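Undergrad: Throw the hints in and build the complete structure from the sequences for me.
Each residue of the sequence shown is one higher than the last, beginning at 1 in this note's numbering.
It cannot be assumed that every hint is accurate.
[As the list claims (entries may be wrong)] Here are the simulated SDA-like cross-link-like pairs (lysine to any residue), alpha carbons at most 25 Å apart as the crow flies:
{"no.": "1", "residue 1": "112", "residue 2": "177"}
{"no.": "2", "residue 1": "112", "residue 2": "169"}
{"no.": "3", "residue 1": "112", "residue 2": "216"}
{"no.": "4", "residue 1": "112", "residue 2": "143"}
{"no.": "5", "residue 1": "112", "residue 2": "234"}
No lab work stands behind these hints: they were computed from the structure.
Please read all numbers here as calculations on a predicted model, not as lab measurements.
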Amino acid sequence: MTAEKRGETVAEMINAGACRLTAAGIENPRLESRLLLAHALGRSVEELIRDLAARAIPSNFETLIGRRAAREPLAYILGSREFWSLPFRVSPATLIPRPDSETVVEAALALKPDAQAPLRVLDLGTGTGCLLLAFLCERPLAFGVGIDRSEMAARLARRNAHELGLADRSAFVCGDWAGSVSGPFDLVLSNPPYVGTAELAVLMPEVAHHEPRVALDGGECGLTEYRAIIATLARLLAPSGTAVLELGFGQFDAVATLAGSAGFRTEARPDLSGTTRAIILHPHP
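TA: The structure is reproduced here in structure tokens:
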């Protein structure tokens, strides 16, 4: 695929892009080539597939393929990622929302089943705001606050809230965990940094080289931020409040021990594959 080529068919461009992505080790090269071409043309994938013989001149398709071949995350190139069937804008200031994190939302909704309850919700390390905003979409009388250390992330979360019609039921602020807010909250959510520092270097290139290190690095054992969050929960949670924290693989026992030492009862929440993906913390009565 060269810059001199012009007016190729959609099928030819998809094939050429897929070949380049295959050579770069991308797992789903044809799918991603279609997505990038649709993005370059300002069309949907469905529109492309309906007319593979059409000829087009996308000015930036080769640039987009080159970025992906260099292992820049697809979501950063496209500028958005779906989560909880909702569109979320993303940027290099935030982690990319992942399907595994929907386990946190599912657990929170099960804990707070009354759709008409006027809940107060706190999301620590909010990033794109996906956990909080997904929950607010399902609980129309709830109000939420999202905290992030990055002003750019907090700004992006505000934009997502606005575009999802949730700006009037949410607020996003820049701060260090819960230092800038006071309770009580009925629900605390968090996907904290939980990757051990030594493990960062062996993550896939999309994560290790592009996603924000501050949102990944959980200290030597991956538990540093859990300690910080658990230490604040007693003052943040209402008497009947609960917290739901996302976990890395194999972290339940260690985090449950930390929570138990702070006076919380815990329970595990598995994801669809059966992996324990979240821990629920209940204050002792």
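Undergrad: Assess, step by step, whether the Cα of residue 112 is no farther than 25 Å from the Cα of residue 177, and give holds or violated.
TA: The hint holds at about 23 Å.
Undergrad: Take the C-alpha atoms of residue 112 and residue 216, compute the straight-line distance between them, and say whether it is at most 25 Å.
TA: Roughly 28 Å separates the two Cα atoms, so the pair is violated.
Undergrad: Is the hinted pair residue 112 and residue 234 satisfied, with a Cα-Cα distance of at most 25 Å?
TA: Measuring from Cα to Cα gives roughly 19 Å; hence the hint holds.
Undergrad: Is residue 112 close enough to residue 143, meaning Cα to Cα at most 25 Å?
TA: OK: residue 112 and residue 143 at ~13 Å, within 25 Å.
Undergrad: Between the alpha carbons of residue 112 and residue 169, is the straight-line distance 25 Å or under?
TA: Given pair residue 112, residue 169 holds - Cα atoms ~17 Å apart, limit 25 Å.
Violation of the numbered hints given earlier is confined to hint 3; every other hint is satisfied by the structure.
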